[in-house]
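Protein chains: 2
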Amino acid sequence: MQISSRFTIAIHIFACIDVFGKDYKITSDFLASSVNVNPVVIRRLLTQLKAAGLITVARGTGGTAIAKPLDEITFYDVYLAVECVEDNKLFHFHDNPSTSCPVGRNIHKGLDDKLERVQAAMEREMKSITIKDAKDDIEKYIAMENSVTDKQ
Amino acid sequence: MQISSRFTIAIHIFACIDVFGKDYKITSDFLASSVNVNPVVIRRLLTQLKAAGLITVARGTGGTAIAKPLDEITFYDVYLAVECVEDNKLFHFHDNPSTSCPVGRNIHKGLDDKLERVQAAMEREMKSITIKDAKDDIEKYIAMENSVTDKQ
DNA sequence: CAAATTGTAATGTCAACGGTTACATCTGTT
DNA sequence: AACAGATGTAACCGTTGACATTACAATTTG
Numbered sequence: 001m002q003i004s005s006r007f008t009i010a011i012h013i014f015a016c017i018d019v020f021g022k023d024y025k026i027t028s029d030f031l032a033s034s035v036n037v038n039p040v041v042i043r044r045l046l047t048q049l050k051a052a053g054l055i056t057v058a059r060g061t062g063g064t065a066i067a068k069p070l071d072e073i074t075f076y077d078v079y080l081a082v083e084c085v086e087d088n089k090l091f092h093f094h095d096n097p098s099t100s101c102p103v104g105r106n107i108h109k110g111l112d113d114k115l116e117r118v119q120a121a122m123e124r125e126m127k128s129i130t131i132k133d134a135k136d137d138i139e140k141y142i143a144m145e146n147s148v149t150d151k152q
Numbered sequence: 001m002q003i004s005s006r007f008t009i010a011i012h013i014f015a016c017i018d019v020f021g022k023d024y025k026i027t028s029d030f031l032a033s034s035v036n037v038n039p040v041v042i043r044r045l046l047t048q049l050k051a052a053g054l055i056t057v058a059r060g061t062g063g064t065a066i067a068k069p070l071d072e073i074t075f076y077d078v079y080l081a082v083e084c085v086e087d088n089k090l091f092h093f094h095d096n097p098s099t100s101c102p103v104g105r106n107i108h109k110g111l112d113d114k115l116e117r118v119q120a121a122m123e124r125e126m127k128s129i130t131i132k133d134a135k136d137d138i139e140k141y142i143a144m145e146n147s148v149t150d151k152q
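Here the protein sequences line up with chains A and B, keeping their order.
Using our numbering, the letters of the first sequence correspond one by one to residues 1 to 152.
Using our numbering, the letters of the second sequence correspond one by one to residues 1 to 152.
Treat the hints with caution; some may be incorrect.
No copy is singled out in the list; a pair is fine if it fits within one copy or between any two copies.
Below are the DSS-like pairs computed for lysine-lysine, each with C-alpha atoms no more than 30 Å apart in a straight line [stated by the list, open to error]:
(1) K127 to K89
(2) K127 to K109
(3) K25 to K109
(4) K50 to K22
(5) K140 to K89
(6) K114 to K89
(7) K140 to K25
(8) K127 to K114
Hints were generated in silico from the structure; no laboratory data involved.
From just these sequences and the hints, can you work out the full model?
Set out below in structure tokens:
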């Protein structure tokens, strides 16, 4: 299975807030237009990001802002906020291996540390990348777009 | 989302074949008993592992064997054989970001290399662990069971 | 109060997972 | 040649999560 598009949408949202937050009020409709999904999908995502303390959302008046400096929010923070992984385990273990089989009785003990190593490797890499890294690169590509336009 | 239990079941299967292969004919019913799932689930898995060249399955007569030395089969080989990941991308990207928004136009370019880094970190770790590592540890725990029994 | 916006419930569609039954097919044995 | 034991698959079913969408109550500012 793949990691849900909620993750890339969430990063898209952060980038939009940071890039457009000074000039526009960031509403779920605004974000929905940029991401190209239904506004309710955005609102549900904003609810998750807010619950994780990564953003603030103004009720009534509307408008979303980022709660921390961008370089203090890692991909892992967003992943945790947005991806539903049961019991925080990346690997789904089969539920009831036979207790009357020696292998069935010991498969869990023999495997768990290795699965954790894989999960840890993935999470370590996610913790090493911040939203700022992503946003900087996106802005770099936006600037390249503009410089091409300028030359024409 | 979690990685399907097919992955841990597959490793369970390898361990069973290696541990019991000398004394028993390894049928889908035999494996189903140890894993505690329906034999058809096992057969479907065996079909995938066979397609990946990791095992051989005897039609008619029945019986499964491992096609390569256990230390030449990595967790990644099994993962690839058994997990359906569209286009081999761990992250599902939202399909149609707005082309009229600068962020929407550049989110892909700004993000792809970072997502690949995360995926690569996970795959690198999976490639570093072999089925033999898992099976050795399972056998170690089986031996510990027996030594406890002996003392009683 | 009115307008804009968020929060959320209710529904629907779709795909993947896993379970199960049924049966055609294959192969060694008698 | 028939049989017994297996595998390979098709055809279902139920459950879950993703994502879309409509509708509306609740909130806040002007």
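Structure versus earlier hints, numbers of those that do not hold, lowest first: Per hint list: zero violations.
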